[in-house]
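Enquirer: Can you make the complete structure from the sequences, with help from the hints?
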Amino acid sequence: MSDLLTLAFTSFLVQNIILSQFLGICSFLGVSNKRSKALGMGLAVFFVITLSGIVTWLIYYKILEPGGITFMRTIVFILVVAAMVQILEMAIKKFSPLLYGSLGVYLPLITTNCAVLGVALLNIQNNFTLSETVVFSAFTSLGYTAVIIIFSYIREQMLKAPIPEGFKGIPSGLIAASIMALLFKGFVGLI
Amino acid sequence: MAKKKKRLTPKQNVIKGLIKENPTFVLILGMCPTLGVTTSLENGLGMGLSVLFVLILTNTIISLIRNIVPSEIRIPVYIVVIALIVTMLEWLLQAYIPSLYASLGIFLPLIVVNCIILGRAEAYASDNTIFDSLFDAIGMGLGFTLGLSTLSFVRELFGTGSVQLLGFTLFEANVAASFLVQPAGAFLTLGLIIGIINTIKADKAKKKKAIMDIKIAAALKKKAEKVAALKAKEELANV
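Chains A and B are the protein sequences, given in the same order. The first sequence begins at 1 in the numbering used here and counts up by one. The second sequence begins at 1 in the numbering used here and counts up by one.
Since the hints were made in silico from the structure, they are not lab data. We put the CB at the ideal spot given by N, CA and C, even for glycine. Careful: at least some of the hints might be erroneous.
As the list claims (entries may be wrong) - In silico SDA-like pairs for lysine to any residue, Cα to Cα no more than 20 Å straight-line:
(1) B:K201 - A:S172
(2) B:K207 - A:S172
(3) A:K168 - B:K222
(4) A:K168 - B:E21
(5) A:K185 - B:K207
As the list claims (entries may be wrong) - Cβ-to-Cβ under 7 Å is the rule here; a few derived chain A residues that face chain B:
(6) I25
(7) C26
(8) L43
(9) F46
(10) T70
(11) T74
(12) P108
(13) I154
(14) F167
(15) I170
(16) A177
Said to hold, decoys possible - A few chain A residues that don't get close to chain B, going by computed Cβ distances all over 12 Å:
(17) L29
(18) K37
(19) F47
(20) P66
(21) L88
(22) M90
(23) I92
(24) L98
(25) Q125
(26) L130
(27) L142
(28) L174
(29) L190
Expert: Written out as structure tokens, the structure is:
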């Protein structure tokens, strides 16, 4: 149990997926300029990563490994992720049109979000058990959601700052992310 | 080809990817490996060349099958093609350059979801000839390699104090700010490089505009002089 807690904490803060693993940077820079967008994207990513993490783990250990075709994992995983996104989109549309209104536009973008495939591959690379996979996937994606929301607040404030013309937008965003990465480095001492 | 734009020559096409539409510094695509593997020049180059390899094959294949694939399912088809090529690359590297395979780690299979590759497939190879797509891929791949090697060069030089390539020391600096090799340094270096490039570009545009203004003013002046001279002539004739 304490192992799982440590894992949760590590994947949420210390080894934060954006600030120390560099996965999902494109969407991080792309949608973090508005608070509402960041929240929608964060939640959609949370659902997709957690579900696809579990499904890919099951497929890898129940089908690919017994079949001796583990070398196919990259192709199989990306197809699983694409299918999961599609299914999730249809399910949300059917059961909660309200949620679909806020998440719908972000779902198609998630297939090519490297955080999703990255977490699926990391689960296998780290030889996680199923319970570890669940915890790792859920907390890693929560870490993504938390950072992207915090960052959207920072960027909204930065719009008011007198930044030199050439540094407006992405460059100043990257520099702010650098400072945030330094702050998150401070969490290393916690464990 | 519905929109008949001016066709670029191979050389222009390559230069477009290398400089004008550099994927790292101008289009800002494929940021995850850009930040993730650029701790040393060797890794940066390895990643850049891997992407070049994948991009050349995927762009050519997708351009080849662009008329067969129904447009409703083109994206899944592209993704499968890309995933196949990346799997092939994984085998090749694992067999022939295991050290690079190990140091690129998870970012190697993640080339599948690199936005540059799907982006070029969708935006270029899906409606251009094989020949053009090949050169587009070479330009974009080299541009990505250039971006990654610039970033990793700066980070390795000032982060560890020297740049190593294949066991040789290329450059040495008397600083070793290990901060730059860490994640925070990656964001900072990339932010600064893009910012500086944007500033230079804005300056250039301003200068160009200033020069144009002067030229226009000069042309107007010339015209006015001409008119004045003509008028003077006419007056002379009248007299």
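Enquirer: Can you name, in rising order, the numbers of the hints this structure does not satisfy?
Expert: 2, 3, 5, 8, 9, 10, 12, 13, 17, 25 and 28
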